[in-house]
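Undergrad: Order-wise, the sequence lines are chains A and B.
Residue numbers for the first sequence follow this note's numbering, so the first one is 63 and each next one is one higher.
Residue numbers for the second sequence follow this note's numbering, so the first one is 464 and each next one is one higher.
FYI, nobody ran anything at the bench for these hints, they're computed from the structure.
There's no promise every hint is true.
Pair by pair, the computed Cβ-Cβ distance ranges are [unchecked claim]: (1) B:669 / A:169: 45 to 51 Å; (2) A:74 / B:665: 39 to 45 Å; (3) B:770 / A:82: 49 to 55 Å; (4) A:169 / B:581: 28 to 34 Å; (5) B:672 / A:74: 52 to 58 Å.
Just so you know, these numbers come straight off a predicted model, no measurement behind them.
C-beta: ideal position from N, C-alpha, C; glycine also.
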Amino acid sequence: MMTLSLMKKPLAGFVLFSILLLLLPFTVTNDYYINVLIIIGINSIIVIGLDLLVGYTGQISLGHAAFYGLGAYITGILSARWAWPPIGGLLISLVMVGILAFLIGIPTLKLHGHYLAMATLGLGIIVFIFFQELDFLTGGPSGLVGIAPMSLFGIPFDSDLSYYYLVSAFLLATLLLSINVVRSRVGRALRAIHGSEVAASVLGVNISRFKVGIFVLSALYAVTAGWLYAHYITFISPSSFGFMFSIKLITMVVIGSLGSLWGAIFGAALLTSLPEFLVVFENYETSVFGLILILVMIFMPRGLMRGLEDLIKRMIDLGRQNLKERSPTS
Amino acid sequence: MNRPQALCYKIKWGPDTGPPRYDHNNMTFEQQILQYLITGVTVGSIYALIGMGFNIIYNSTEIINFAQGEFVMLGGLLTVSGMQLLHLPVPFAAILAIVGVSLIGITLDRAAIRPPKDPSPITLIIITIGASIFIRGMSSLIWGKEPYPIPAFSGEEPIPFFGAVIQPQSVWVMGVALIVVLSLRQFFGRTLTGKAMMASAVQPRAAKLVGIEASYMVLLSFALSGAVGAAAGIVIAPMSMVQYDMGVMMGLKGFCAAIIGGIGHPLGVVFGGVILGIVESLGAGLISSGYKDAIAFVILLLMLFFRPQGILGKTKGERV
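The shape of chain B in the complex, shown without the other chains (with noise of 0.2 Å):
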């Protein structure tokens, strides 16, 4: 009854909860195992996702931005309006989410990050905080409080695969986590504005007497963030619906992600991602699935606590 929404948020299409259901009794043990692998780097690409998002924002600003988890939601929930309300095929109106959502966040750097004079770590946690919620409330103004779907982009046949089956959206919420993981690689690595923001990240004093402009690379990498984030939101959407109170896990988890992979390393990122995904979803379907949420936690405290770098993170965590 009391169920809080906000918290058990599950992704809707675990092994054992709803469809696609699999007649697991018809699977032997391997490809039951193999089953739960294709589900958990499907949900770790999106927590991989949402963890380069939160990694932007932090290369060029050492902000946490608790607000990451709204981007998907706002990604997911104006695909559907986009849709129902000016009818457009799914691909314009992801496209118009995207750029949406980039305005959202260049809109919180504007309006909440940037004005403080001087702040303090935790000055800027409850910043964004607060943001989080002003956009979920919002959001459960416009949006109402029901679950919206979309359609799978290309059909729901599943694809067998031996003995598995793959559904086509996983496919595509892989491809997509990988397409975005190589451009910002590509971007931050060869154009000449992922250069200025890698150097004013790294270095804004240095970037500044080269002319940088530090605040202009901070807006950039909220839009890019913004972005990154509505991609999640977009692609996980037909397999989870969307819901005006889903950012809170998907912050949580894609966060968890970047701190098991390495804050401030995209690569740890995509690994933490994934890992928190196959062990989540091995959980769920062999241990409990209520307890599918404690482990991505209880994974962040055992790495928080003696590996606060991450797995492939090499500058030391703060901790003295």
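Extracted from the complex, chain A is given alone in its bound form (with noise of 0.2 Å):
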């Protein structure tokens, strides 16, 4: 119940959302957990952005791990070729990269479906080939070593509790942004054009202006993570930006529950950790993934956090009911 009156207060919400982040790292007991939440704080980021467009737009991509490549190549190369500080390489990528989203997406996201499946798919897997060929500035397959760690305004974030807050700070940015971009006129266009793109056009929405402003959002958000990612790790290689990781940030989205922002964050830390919790399973890491996919679609297509939801109102319902029937009705 605690969690269904907070999907109503988002501000209240965040409050707490804050604390938790603020306390968690000192409820775990091993160090290498505070890895799993900085990797679970950045998938969260573009899972958020994904979710944007995703969840309240109804438009799918199956390309964004392009973007977090795109976003990690890009300062990673300016910091290991000709060093940059990061900073500068945020700037520039998020610069390039969202003129870059914008060009594609106006003619991507006038089709619909699975026709919109696909091109976000062939986008994502060009982009890759590019990581892998233009191997003088990327490195080719083996990947580019040498990005220089995170340091901010000459303050250094070299230890890992310490890009923990710094990943905390970026996520709790990029969830105020999004509440109040799903809150505003803009959320309610943006759920219009999920209900019906020609409803919400002859009520005066711009659709394609909102449709092509969310992607490049979301693919702001993706480059900010591939930036912190880049320089948490210092190496990159494609391989982290392929078309599998395209695929998990959705089903993250899909399996938080489609069009809830906290579901979203939900779906990337359930399953961030959940190779860390299946490492008994390691072969079967894959099919279980596929399973879970096919499961949650078939049995709660709204997704865990909105079907467990469902499961409790349905209950509360039942036992409303069951007591109406005892009371004696007179």
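Put the complex together from the two separate chains, hints included.
TA: See the structure below:
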């Protein structure tokens, strides 16, 4: 019930979530888990953006790993080849990918359904091939080494704990921005597009503008995440940004719950930490992954979080009905 | 090193990637082009077959089956198992594999596509993606991650052809593709079952009124699509080897073929496949083999942006 009321008051939820993020590192016993938390935070940033696109606006993208990769590679190349500071890498990659996403978004988002799915997937693969083939820039399949560790305005983020708080700060900023987007006029327009594009355009919503806008925004989130990733790991290779990762991102959105920002974070946390739990089944990881996707889609097409909510509601309703039936009606 | 196999799966026998090696120095430019064309038509026939698989399911359900490529992989690997475990000769192992993959197609329909009530397109896309990941994961457990060879059906002595050469297996690939395409045409145009499938695809309610059971037709389309996919995997296996992760690229290329030609339009899909194969082969030979796969997707995007109904398609694509 707590979660139910929290979803209706997102700002209260936001404050609680901030406190949770602040305290979380003190609850883990092993430094390795801080690592996992950092990756969860980075993935959450991408997934929140993707959820704005897929969950709220109803436009699928199977190529978001490309934007994440571009964020990581642009800052990585600037840092490793020309010793740029991280902040410069972030600004340049935001501008470059922003323009790219805008130009690609215009023709792409005119497509619907599986045409859109295939077009975004194709974009993702083309970008991936460039990561592999432009080896004078990217280091090719063996990866790019020598990316400088993160340091912002003279402050180094060299310990895992400090990096965790840096990622958390970015995650909270992303979340706050997204909550505002969702709760504003823009958010209502996006949901209208999701419901029916025809109806939305009749009501005066400029569909193409909103769809491309949200596509660019989600690409920028992914770029930021890629930037955080590159300067954390300091080594990147194309395999982190391939087709499979795009699918994982979509899975996180879907499992979490389409159109729920908290669900997106939940999905990212669950699927990022799942391999840690599945270590025992290491070889089965891919199969389990596929199976989870199918089962969630069949039994809880609205995602795990919404699915559980529905389940609780139904049980409460059932309980009430029982009470009514028991109480003598006069 | 860290090269992700799933994405860089390449048909391992392009003009510049491994056997059969041709000595390009002894060929004139025209002969080289001819060689690339032959390679292109061979690969293109495979893409066309896979595209046909997409087409069959799309026609009866409007679903794009993202697990289509896994049918191709399963066809090849089941044939390998039939030969190694049951010591069957290739033709029998192949037939067994085709039947097996049809059954897997039926299972896919019954277990994953049918259960959700009133699914949205995104739901179905994700279900078939989940199925493809699941099948690939299981296959890597069953067959491991190494590539398997299948011997060429009728020797490896290249046939000279105007200064270029044709591998005997290429002839098999093109022949099988032609036979499959022609028999599908006969099936949908001449047989009662085929016509019933077409009817229930075009007008499900009207079809139901005349006594055609739509769900049975969908089941049949998954079985048929599985069989066509498996056949593609079996004929290409001697040239490319079979590996658990070959399905991703195969499926995507087949889909490209279907989009280029116009999905829902069988002849278009065949054209699309051959065009894609030729462009890819020429691109790999004359420009760079590294960007070979990118070429296919650039064509796919251009088609989607400018002519989503495909070269031959008449129906309007999903664009507003």
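Undergrad: A separate judgement is required for each hint: does it hold in the structure or not?
TA: Against the structure, the hints:
A C-beta distance of roughly 36 Å is found between residue 669 of chain B and residue 169 of chain A, which places it outside the suggested range of 45 to 51 Å. Evaluation of the 39 to 45 Å hint for residue 74 of chain A and residue 665 of chain B yields a failure: the beta carbon distance comes to about 54 Å. For the pair residue 770 of chain B and residue 82 of chain A, the beta carbons lie near 51 Å from each other, so the given range of 49 to 55 Å is met. Hint check: residue 169 of chain A to residue 581 of chain B, Cβ distance near 31 Å, so the stated range 28 to 34 Å holds.
At about 56 Å, the CB distance of residue 672 of chain B to residue 74 of chain A agrees with the hint of 52 to 58 Å.
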